[in-house]
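In the order they appear, the protein sequences are chains X and E. Heads up: the first sequence runs through residues 12 to 127, numbered per the numbering used here. Heads up: the second sequence runs through residues 60 to 172, numbered per the numbering used here.
No wet-lab data here; the hints were simulated from the structure. The reader is advised that the hints may include incorrect statements.
[As the list claims (entries may be wrong)] The calculated DSBU-like cross-link candidates involving lysine-lysine, where the alpha carbons are at most 35 Å apart (straight line), are:
1. K33/X to K154/E
2. K20/X to K101/E
3. K52/X to K127/E
4. K101/E to K52/X
5. K64/X to K154/E
6. K81/E to K29/X
7. K115/X to K117/E
8. K81/E to K117/E
9. K154/E to K52/X
10. K29/X to K116/E
[Said to hold, decoys possible] Here are the in silico distance ranges between beta carbons for each label pair:
11. V113/E to K20/X: 13 to 23 Å
12. P172/E to S66/X: 38 to 48 Å
13. L106/X to I121/E: 14 to 24 Å
14. Q140/E to T16/X: 22 to 32 Å
15. S77/E to M26/X: 47 to 57 Å
16. H66/E to N68/X: 11 to 21 Å
17. A50/X to E64/E: 37 to 47 Å
This structure is a prediction, so every number in the text was calculated from the model and none was measured. Even glycine gets a Cβ: it sits at the ideal position worked out from N, Cα and C.
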Amino acid sequence: DTEVTQTPKHLVMGMTNKKSLKCEQHMGHRAMYWYKQKAKKPPELMFVYSYEKLSINESVPSRFSPECPNSSLLNLHLHALQPEDSALYLCASSLQYTGAVNEKLFFGSGTQLSVL
Amino acid sequence: GENVEQHPSTLSVQEGDSAVIKCTYSDSASNYFPWYKQELGKGPQLIIDIRSNVGEKKDQRIAVTLNKTAKHFSLHITETQPEDSAVYFCAASIKGSARQLTFGSGTQLTVLP
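Using the sequences plus the hints, can you model the full thing?
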C-alpha cells in the first residue's frame with residue numbers, strides 16, 4: 012500500500028463553521044505534512060509532524076489546528092476560515108523527518124476546500 | 060533561502076515528440092531534486108528524483124539530468140503521450156534543512172494528439 016488517503020475530497024463551509032480534514036497512510040511513515048495549494052501554484056508547506064509531534068508550523072493562522080492522533084493519522088481542524096483560505100489542502104508523508112537525509116514525499120489527492 | 064526557477068510555464072508538444080522542462084536553483088547546498096506530476100484533481104505524484112552525486116537518471120521514457128556547476132536540472136520526456144499532459148513541478152532540497160522541499164512554479168504540459 013503506497014497510498015495517502017484524504018477525506019473528504021470536496022468541502023464547502025461557511026465562515027462560522029467548524030470542520031476537519033482527515034489523512035491516513037499505512038506505509039509505516041513517521042513524518043506527515045499538511046500543504047496548501049492555490050490554483051496554478053506549487054504546494055506551500057503548513058505543518059510537519061515527526062513521530063506524532065509537531066516539528067514545523069510555518070506561521071499558519073490559528074484558525075488551522077493540526078492534530079496527529081497516531082503515526083498513521085493526521086487531521087486538520089478548521090474554524091472561522093476566510094474566503095481566501097479556499098484552496099486544495101494536501102497531506103503528504105515520508106519515511107521519517109530527521110533532516111539527516113532527503114526523504115521522498117508521497118502526496119494524497121487532497122481536499123478541495125471552498126469557504127463561502 | 061533556496062529559490063527554484065522553472066521554465067517554461069506552459070509547453071505544448073505533438074504526441075510522439077520530446078518535452079524538456081528546466082529548473083535552476085540558487086543554493087549550492089541543495090542535494091536532492093525530485094520531479095512531481097500533478098494531474099487535474101489529484102495530488103502531486105513523484106515521478107523521478109536525482110541526488111547530487113549523480114549526473115543523470117532514467118526511468119523508461121523519463122530522464123532527469125543535473126548540472127551542479129551551473130545549478131540547473133532538467134526533466135526529459137521522450138515519445139510523449141496524451142496521458143503525459145499534466146502540471147510538472149521541480150523541487151530542490153537541502154540535506155538537514157527543516158523546510159523540506161522548495162518547489163518551482165510549475166509547467167503545464169499539453170500533449171496534442
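Results for each hint:
With a CA separation close to 29 Å, the supplied pair K33/X and K154/E stays within the 35 Å bound. For the proposed pair K20/X and K101/E, the alpha carbon gap of about 10 Å is at most 35 Å, so the pair holds. For a cut-off of 35 Å, the pair hint linking K52/X to K127/E stands: about 26 Å separates their Cα positions. For a cut-off of 35 Å, the pair hint linking K101/E to K52/X stands: about 14 Å separates their Cα positions.
Taken as a hint, the K64/X and K154/E pair is honoured in the structure, with Cα atoms around 21 Å apart against an allowance of 35 Å. The hinted pair formed by K81/E and K29/X fails the criterion: a straight-line CA distance of about 42 Å is larger than 35 Å. Distance check on the hinted pair: K115/X and K117/E sit about 17 Å apart at the alpha-carbon level, within 35 Å; holds. Note on K81/E and K117/E: the hinted pairing holds, with a Cα-Cα distance of about 16 Å set against a maximum of 35 Å.
Taking the CA atoms of K154/E and K52/X, the gap is about 24 Å. The hint holds against a cut of 35 Å. Distance restraint check for K29/X and K116/E: the Cα-Cα separation of roughly 46 Å exceeds the 35 Å cut-off, and the hinted pair is therefore not satisfied. Evaluation of the 13 to 23 Å hint for V113/E and K20/X yields a failure: the beta carbon distance comes to about 37 Å. Roughly 46 Å separates the CB atoms of P172/E and S66/X, a value that falls within the hinted 38 to 48 Å.
At about 23 Å, the beta-carbon gap between L106/X and I121/E stays in the expected band of 14 to 24 Å. Look at Q140/E against T16/X: about 28 Å separates their beta carbons, and that is inside 22 to 32 Å. About 48 Å separates the C-beta atoms of S77/E and M26/X, a value consistent with the hinted range of 47 to 57 Å. The supplied range of 11 to 21 Å is broken by H66/E and N68/X, whose beta-carbon atoms lie about 32 Å from each other.
For the pair A50/X and E64/E, the supplied restraint of 37 to 47 Å is violated, since their beta-carbon distance comes to about 20 Å.
Checked against the numbered hints listed earlier, the structure breaks hints 6, 10, 11, 16, 17; every other hint is satisfied.
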